[in-house]
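Following the hints, position chains B and C with the ligands against chain A.
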Amino acid sequence: MSITTNVATFIRTRYHGLVSFLALFIVWSAVSHYELVSAEYLPSPPAVAKAFVKVIKSGQLGVSLGSSLVRIAEGFFIGTTLGFLFGVAMGVSATAERLFAPLFNALRQVPIIGWIPLIIVWCGINEPSKISFISIGAFFPILLSTFEGIRSVSKSYLEVAQVFEYNRIKLLRKIVVPGAVPNIVSGIRLSMGTSWLLVVWAEINTRSAYGIGDLLSSAGDGKKPDIAFVCIIVIGIVAFLINELFGHLEARLSTWRKSYR
Amino acid sequence: MERLGTLEVKNLSKKFRSRNDELTVLNDINLTVQPGEFISIIGSSGCGKTTFLRLVVGLEKGYEGEILLDGQRLNGPSLKRGVVFQDHRLLPWLSIEKNVGMGLKDAKSDESRKAIQEHLELVGLKGFEKHYPHQLSGGMSQRAAIARALVNRPGILLLDEPLGALDALTRMYMHQELERIWKQEKITMIMITHDVDEAIVLSDKIVVMSSRPGTIKKIIPVPLARPRDRASYDFVKIKEEVLEEFQLHTEHPFTYTI
Amino acid sequence: MKIQLLKNKLTGLIIPLVLYVAWDLLSRYELVPSTLMPPPKVLFETWWVMQSSGELLLNMKMSLLRVGAGFLVGASSGFLLGTAMGLWKPVEQYLNPVFNFFRQVPVVAWIPFLLLWLGIDEWFKIVFISCGAFIPMTLKTYDGIKNVPASYLEVVRVFEYGWFRLLRTVIVPSALPSIFTGLRLSLSEAWMLVIGAELVAAGEGIGNVMVIARRLFQTDVVLVGVIVIAITGFAMDRLLGLLETRFLGWHRTQNAQ
Ligand SMILES: Nc1ncnc2c1ncn2[C@@H]1O[C@H](COP(=O)(O)OP(=O)(O)O)[C@@H](O)[C@H]1O
Ligand SMILES: [Mg+2]
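Residue numbers (this note's numbering), protein chains in the order written: chain A, 1 to 261; chain B, 262 to 519; chain C, 520 to 776.
Next comes chain A alone, as it looks inside the complex (with noise of 0.2 Å):
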């Protein structure tokens, strides 16, 4: 029953949405039908499905995803690590912050993208280079949620760790981090999502291994479409699981936080 009555309420929920869904697939299906579009252009829904179809079965889907999450991982732990450990020194130390503040403002200013040629002057085309991008991707939004979160733990928690007589590690530990989590949560999420799509650009531009950014600009050149597609659909899947997954994450470690207000 209950199953039923949330497929009910769902659909009664939803409709518009689906509705408008539908009707765009319908445009497709019956334009790529009647080749008012040539199929070198847009491939049509079944010759999608069986692209995928095929790209998983030659392994050729996993392996490219596999490599690129690979690497983000490596560069997501590389740019959060050192954004955390700067985010933190410069939100608790005022000298810190003096210090880096200006040059971490400075190269922020360089639009992402912008990077990948110096790198790859620097670091060649292969792996260390998609690493470092993606880490100097990874690495601002955590260093300013961090610093942004310390700095909001209200003064006058401090002035009660200041009662207890807490001393300095005590501080970060029992009101300092704990305070900032939520926003550290948050430029979490951001991160990572910008890392995922730092990984495709990597990949676009160097063209040296297997990765997701790869199968989808050899694609691309290749003049094969349905893969195009089948790229463009896992990519924007990965990127909403990322963005949900650690939404939720968020959501949960600042419940207090809503509750308090």
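In short, the hints are calculated from the structure, not lab data.
A hint or two may mislead.
Derived pair list, reagent style SDA-like, types lysine to any residue, alpha-carbon separation capped at 25 Å [to be verified]:
#, chain 1, residue 1, chain 2, residue 2
1, C, LYS528, A, ALA96
2, B, LYS369, C, ARG684
3, C, LYS560, A, TRP122
Pulled from the structure, derived: some chain C residues nowhere near chain B, Cβ distances all over 12 Å [claimed, not checked]:
#, residue
4, LEU529
5, LEU614
6, ARG684
Computed from a prediction, not measured in an experiment: that's the story for all the values here.
Backbone N, C-alpha and C define an ideal beta-carbon position, used for all residues, glycine too.
Quick look at chains B and C with the ligands alone, frame taken from chain A:
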């Protein structure tokens, strides 16, 4: 425009429906307000005062019973009834002058300018025309909100705890101001408050409400000469009479101060 | 007070200064190959050559024109869609799910298709930039309109406003801060994407200058490019920021309290 109107509320009930239950907020309210009267409504927090006010303004729909203005059923909000909300709700991007002129059809005409100027003077905000809301204190903002509500010369002014957020001294000053405005404008005022003194200082009648569901428990007339002396014997007597209503309500004897 | 402030500012210069000196020494004594890290002096010379030959200006002009066009198209259509979804329930119900669906896909993923459909010339770049600029603008406009406080709308209901006056007095001013945020996000996205588009598809433009330089291992030119695009991006954002303070004086001061 005929400015004053008689407000009649007959057998008014209001329910809020949520997905799976129904909350009766107001039950069988009967009240007649004569033109030019000053009425205070007093009651514990959550007893439905704001809901009642919003019904009279026309911001809340779906009720049983009748709300009549000069025998006519209400139909949505109207310029004939001014409101001052508990939070002043001045638009932060408009200057005080423009905020006050919000209710005028053509705020730029000479007539409108004159009306705005007059009402700013009425509430003692002359010289603050070009200021923005964030530059005013709480009391001044409330006064600006009162000017905004009065500028179309409504027949009835409804005030929802207009002085609730002010400190005690400012509030006493505002009592004098409100009384002066009421006399000068010869307008009907219905004010919600949780301050018994405030109600007695200002009102012709005090409507005491009880909660769950909100009903009118008693209507206490205040036949004292104005301006009223808070320390006088009669004043204290009436205050006791009002307070008694709350003590009888045994569940939460002191919640009215919240 | 003043001395303290000056001291604070100077502290910020320590690290850049140290880096600069290290860079100068390392490259001067060839501890790092100058192909990788040309000394600062060379950088200035390169910049001067690019500047005086007109190469830099010409390419910057191309890039800026593309950004201008893409931003104009993307941001204005984003504004329209955001407004329509914010104001009209049916538009919101039918289009918002579709918009949300497509916005999950990073614009970079569309590159092969756009190249296929539009070739590698101007059309590709401008459409690509527009798509990128479109998304934040739509989101922020929609957000701004959706978040007009209900309490303000009630005030206006009492005054019996028509829809035009409602829009002008309450909805637009209330949504404006969010709309400005959208403009700034959208412009910086456009600036990033023009570089990206020029990296991928040949043609004049600062991004293209950088790709060619990197193929020829002219690190100095690449570095000049990085610095120039950073400064330009910063300047464009500042410009919008100035407009914002000019239009939103009430917002700033209110929030500062
Ligand atoms: N829109 C609404 N939907 C559901 N319940 C409401 C709504 N507005 C008010 N209530 C409920 O009605 C009761 C009376 O509210 P209110 O009139 O604001 O009380 P008061 O102003 O006397 O403090 C409260 O219990 C409140 O929770
Ligand atoms: Mg209330």
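Structure-based check of each hint:
1. LYS528/C <-> ALA96/A: 12 Å, holds
2. LYS369/B <-> ARG684/C: 14 Å, holds
3. LYS560/C <-> TRP122/A: 19 Å, holds
4. LEU529: For LEU529/C, whose nearest Cβ neighbour in chain B is about 36 Å away, the distance exceeds 12 Å, so it holds.
5. LEU614: The claim stands: LEU614/C keeps its Cβ more than 12 Å from every Cβ of chain B (closest is about 28 Å).
6. ARG684: Nearest chain B Cβ is 9 Å from ARG684/C, so the label is violated.
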